[in-house]
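Asker: Next come the chains, spelled out residue by residue.
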Amino acid sequence: MENVEKEPLLSAKNIKLMTNPLGQENPITVQVLGICSALAVTVKMKPAIVMAVSVMVVLAVSNVVISAMRKSVPGRIRIIVQLVVIATMVIIVDQFLKAFAFDVSKQLSVFVGLIITNCIIMGRLEAFALANKPWPAFLDGMGNAGGYGLILIIVSFFRELFGSGTVLGFPVMEKLGLYKTGYEDNGMMILPPMALIVVGLIIWFQRSRNKSLIETR
Amino acid sequence: MKDFSNRYIFIFSVVMVVSVAVLLSLTALLLQPKQEKNVEVEKKMNILSSINVTSTKSDAVTLYDKYIRESFVINTRGQHIEGVDAFTVSLRAEHKKPLEDQYLPVFTAVMDNGDTLHIFPLEGKGLWGPIWGYVALKPDMNTIAGATFDHKGETPGLGAEINTTEFESQFLDKWIYEGGSFISVAVVKGGADKSDRHEVDGISGGTITSKALEAMLREGLVKYENYFMENRK
Chain A
1 MENVEKEPLL SAKNIKLMTN PLGQENPITV QVLGICSALA VTVKMKPAIV MAVSVMVVLA
61 VSNVVISAMR KSVPGRIRII VQLVVIATMV IIVDQFLKAF AFDVSKQLSV FVGLIITNCI
121 IMGRLEAFAL ANKPWPAFLD GMGNAGGYGL ILIIVSFFRE LFGSGTVLGF PVMEKLGLYK
181 TGYEDNGMMI LPPMALIVVG LIIWFQRSRN KSLIETR
Chain B
1 MKDFSNRYIF IFSVVMVVSV AVLLSLTALL LQPKQEKNVE VEKKMNILSS INVTSTKSDA
61 VTLYDKYIRE SFVINTRGQH IEGVDAFTVS LRAEHKKPLE DQYLPVFTAV MDNGDTLHIF
121 PLEGKGLWGP IWGYVALKPD MNTIAGATFD HKGETPGLGA EINTTEFESQ FLDKWIYEGG
181 SFISVAVVKG GADKSDRHEV DGISGGTITS KALEAMLREG LVKYENYFME NRK
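Protein sequences appear in the order of chains A and B.
Per the working numbering, the first sequence starts with residue 1, numbered consecutively.
Per the working numbering, the second sequence starts with residue 1, numbered consecutively.
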């Protein structure tokens, strides 16, 4: 990082790398990547948060590693190198979850392993890390994983609240006394199709607020 | 991106693969004891839950040592097999052996009121993956004192409900024998007769898992018939 003096660590451009993917360039709602895991792990908030953190660790570290190696990675095998880096990170995260967050790792089961196939990660390595310095690559990784995690947490909040009547396991609906008035949890919210519908509602809401996201045609 | 020689690419790949292999082996080795401990604690919590003792991650080992007095392995004829640790027997591996060679683990617990309960592990195939559980029988080897079930990946909200207390508690005081013949407990779709001691309610929307659980109970417990006969009080 030879031009650190010229460009401060958190310059406006660098901050944009982090904040843009949270909204305007959100990987899920705008680029519609990583949808499958967004459907699978959003029944409850806790696994969604752990998934978001795991993806953040994997993406930020892989971005930095690939960015640091960008000048020595032969172009012809770059996809394989990216896959090896991602797979290594995912296995390490999985091993750590099994050791330190056993319950959650059981709930996430195969989905941790499937982070490898999460298109957001491959996409960022190929599109950003290979052409940028480690620090911006790190911020880009944090930002994109943050945008992904944000949607995961929003979706899981609604699915857990209306599907199971709880928020992070706390029985909100019961405390509000709604069950006594004849309210019942909506079992449909627990099933994968509702995750897609909630993501759809978020996309609708976002585009109605930000007209520049609507494709002209 | 510059063009690299084949020689460079080859060396690059070898170095990458070797360093990744070293890194992963180190992680796996360092974390293995902790992971095995987690699996052991979970199994102990499951066994304790089948005798209606609630435990947490921190006190499971102490409570297990307090209540579980004996664990041993028998065969289908009810004979004890020496030298095998019941706790580490994998039922999935045993199911692949011929029936007469299978190791059948038994755990016995002495409760606070002096009752001895016998705990039998079960394993079967659910809709998406393995399901398993522990059933505790009273000294008459007929009345269920408690049951606990779990699964690898049944449908959330449907089949996955088998591990909820609402479902598990239905098995309490059910009978597996009727007039001397083994008939197990059926998981009935559309509402069981509450007074029938061989039926529990199935899970709506989880019929395949319910039926799998019924089969697991029947096929798992019937192997212990000789043990039941000999130890019945």
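Calculated from the structure, these hints are not laboratory results.
None of the values given here were measured: they were computed from a predicted structure.
A hint or two may mislead.
[To be verified] Stretch-level coverage of chain A by chain B, calculated; a stretch enters the list once three of its residues show a Cβ under 8 Å from a Cβ in chain B:
(1) 94–107
(2) 113–121
[Stated by the list, open to error] Once the Cα atoms are required to be at most 20 Å apart in a straight line, the calculated EDC-like pairs of lysine to aspartate or glutamate come out as:
(3) Lys43/B - Glu184/A
(4) Lys152/B - Glu174/A
(5) Lys152/B - Glu184/A
(6) Lys211/B - Asp196/B
(7) Lys152/B - Asp140/B
(8) Lys106/A - Asp150/B
[What the hints assert, rightly or not] To give a feel for the contact side, a few chain B residues facing chain A, derived at Cβ under 10 Å:
(9) Ser5
(10) Ser13
(11) Met16
(12) Leu23
(13) Leu31
(14) Asn38
(15) Ala86
(16) Glu123
(17) Phe182
(18) Ile183
(19) Ser184
(20) Ala186
(21) Val188
Virtual Cβ for every residue (Gly too), placed ideally from N, Cα, C.
Asker: State the violated hints by number, sorted upward, taking the hints as numbered earlier in the document.
Answerer: 2, 3, 4, 5, 7, 15, 16, 17, 18, 19, 20, 21
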